[in-house]
Amino acid sequence: MINLVDEAGALSTEEFHELKNFVVDECLCTQVETPWLEYVKIRADGDTGYKGYWTAQWDEVGLDKRNVKAVIILNATYLKTLEDMKKTLAHEFGHHWTLGYMIENFEQDIWKERMPLDYYRMRGLDLDNFAPDYSKDWYHCDKEVLAEDYKYFYSPFDGEHRMKNLVGNPSEEIKAKIVDLGLGARRSWEELVRCRFSKSK
Amino acid sequence: MEPITREELEKIKKDAKAAGKDVSDIEKLLEQKEMPKPPMGEVKVTGVTRDVWMRMEEKSEKTKVKGKRVIMSTGPAREEDFE
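Each protein sequence line maps, in turn, to chains A and B.
First residue of the first sequence: 1, per UniProt numbering; consecutive thereafter.
First residue of the second sequence: 1, per UniProt numbering; consecutive thereafter.
Keep in mind that the hints were calculated from the coordinates and are not lab data.
Be aware that a few hints might be false.
[To be verified] Straight-line alpha carbon distances no greater than 25 Å define the calculated DMTMM-like cross-link-like pairs of lysine to aspartate or glutamate that follow:
no.	chain 1	residue 1	chain 2	residue 2
1	B	LYS17	A	ASP59
2	B	LYS11	A	GLU7
3	B	LYS14	A	ASP6
4	B	LYS68	B	GLU58
5	A	LYS65	B	ASP51
6	A	LYS175	A	GLU60
7	B	LYS14	A	ASP47
8	B	LYS13	A	GLU83
9	B	LYS64	A	ASP47
10	B	LYS17	A	ASP47
11	B	LYS21	B	GLU31
12	A	LYS69	B	GLU80
13	B	LYS28	A	ASP47
14	A	LYS69	A	ASP128
15	B	LYS64	A	GLU60
16	A	LYS69	A	ASP118
17	A	LYS164	B	GLU8
18	A	LYS20	B	ASP51
19	B	LYS37	A	ASP133
20	B	LYS28	A	ASP84
21	A	LYS65	B	GLU79
[Stated by the list, open to error] Beyond 10 Å from chain A on every Cβ pair, some chain B residues (computed):
no.	residue
22	ASP25
23	LYS33
24	TRP53
25	LYS59
26	GLU61
All values derive from a computational prediction rather than experimental measurement.
Glycine included, C-beta positions come from ideal geometry on N, C-alpha and C.
Using the sequences provided together with the hints, build the complete structure.
Written as structure tokens, this is what we have:
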């Protein structure tokens, strides 16, 4: 269950509980990355141009990274119904699924590093037109394509993809790749640590 | 981050109206010529000091070390989101 804060007072009690359980009941999540999400906050941010966003914070001292926490904001200025909030939350949790593991395990600078090249190949993204950041616009950011892929396969909004006209819908191959990029990345990291530990013995 | 488009806002207005919600604020937003451009991929880095235990020759001592606090966002990078 996620920690939900309705600062805008946008939901009824029944709707609040439905949205609070939405990720656990209807999306792909595990007990590993879900606790990294400090909370989901519904807030009237005004006419900002965004429906919601995912953000993360951590402290770094040398190579040590601590206190990693993530937050999802849903903008109640635009999101008026429970259905719209679920749709945006599914997209933002798609970011949490992959970027959370990337930050926690590999300490990557997510806006400088592309998603893996085999994801680019499977998804038909070309390196000239897609970027690891927003330099080529929102529709051409690899993390945004991936968040939409997550929503497409692992939420009730299957079949809905905002880049459909640009890159088509994701193939079944991508469905497994999404698991690999999230929890799979964690397993690979744990295996790497185990391997290093056993070698040093 | 998910940007809003005019077409989506029109659909939101229609759905919200059908659900009996007040849509006067959305109607005002739709009067604008252009939708605002959202902040995307902001990063904010600030300095922090942390107490760490350092092992000296004979004993361990608590020492202050300088580090950084990083906020990385798909939208705006705001400290108040974590308060």
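Hints, verified against the model:
1. LYS17/B to ASP59/A: violated (44 Å)
2. LYS11/B to GLU7/A: Holds: LYS11/B and GLU7/A sit about 24 Å apart, inside 25 Å.
3. LYS14/B to ASP6/A: holds (23 Å)
4. LYS68/B to GLU58/B: With a Cα-Cα distance of about 30 Å, the restraint between LYS68/B and GLU58/B is violated, given a limit of 25 Å.
5. LYS65/A to ASP51/B: holds (14 Å)
6. LYS175/A to GLU60/A: violated (33 Å)
7. LYS14/B to ASP47/A: holds (18 Å)
8. LYS13/B to GLU83/A: Status holds; Cα separation ~13 Å.
9. LYS64/B to ASP47/A: violated (42 Å)
10. LYS17/B to ASP47/A: holds (19 Å)
11. LYS21/B to GLU31/B: Cα-Cα ~19 Å, so holds.
12. LYS69/A to GLU80/B: holds (13 Å)
13. LYS28/B to ASP47/A: holds (10 Å)
14. LYS69/A to ASP128/A: Measuring from Cα to Cα gives roughly 33 Å; hence the hint is violated.
15. LYS64/B to GLU60/A: holds (14 Å)
16. LYS69/A to ASP118/A: violated (28 Å)
17. LYS164/A to GLU8/B: holds (16 Å)
18. LYS20/A to ASP51/B: violated (36 Å)
19. LYS37/B to ASP133/A: Answer holds: LYS37/B to ASP133/A is near 16 Å, not above 25 Å.
20. LYS28/B to ASP84/A: Distance ~19 Å between LYS28/B and ASP84/A Cα, so the pair holds.
21. LYS65/A to GLU79/B: Holds: LYS65/A and GLU79/B sit about 18 Å apart, inside 25 Å.
22. ASP25: Nearest chain A Cβ is 7 Å from ASP25/B, so the label is violated.
23. LYS33: holds (13 Å)
24. TRP53: holds (12 Å)
25. LYS59: holds (21 Å)
26. GLU61: holds (16 Å)
The earlier numbered hints that this structure contradicts are 1, 4, 6, 9, 14, 16, 18, 22.
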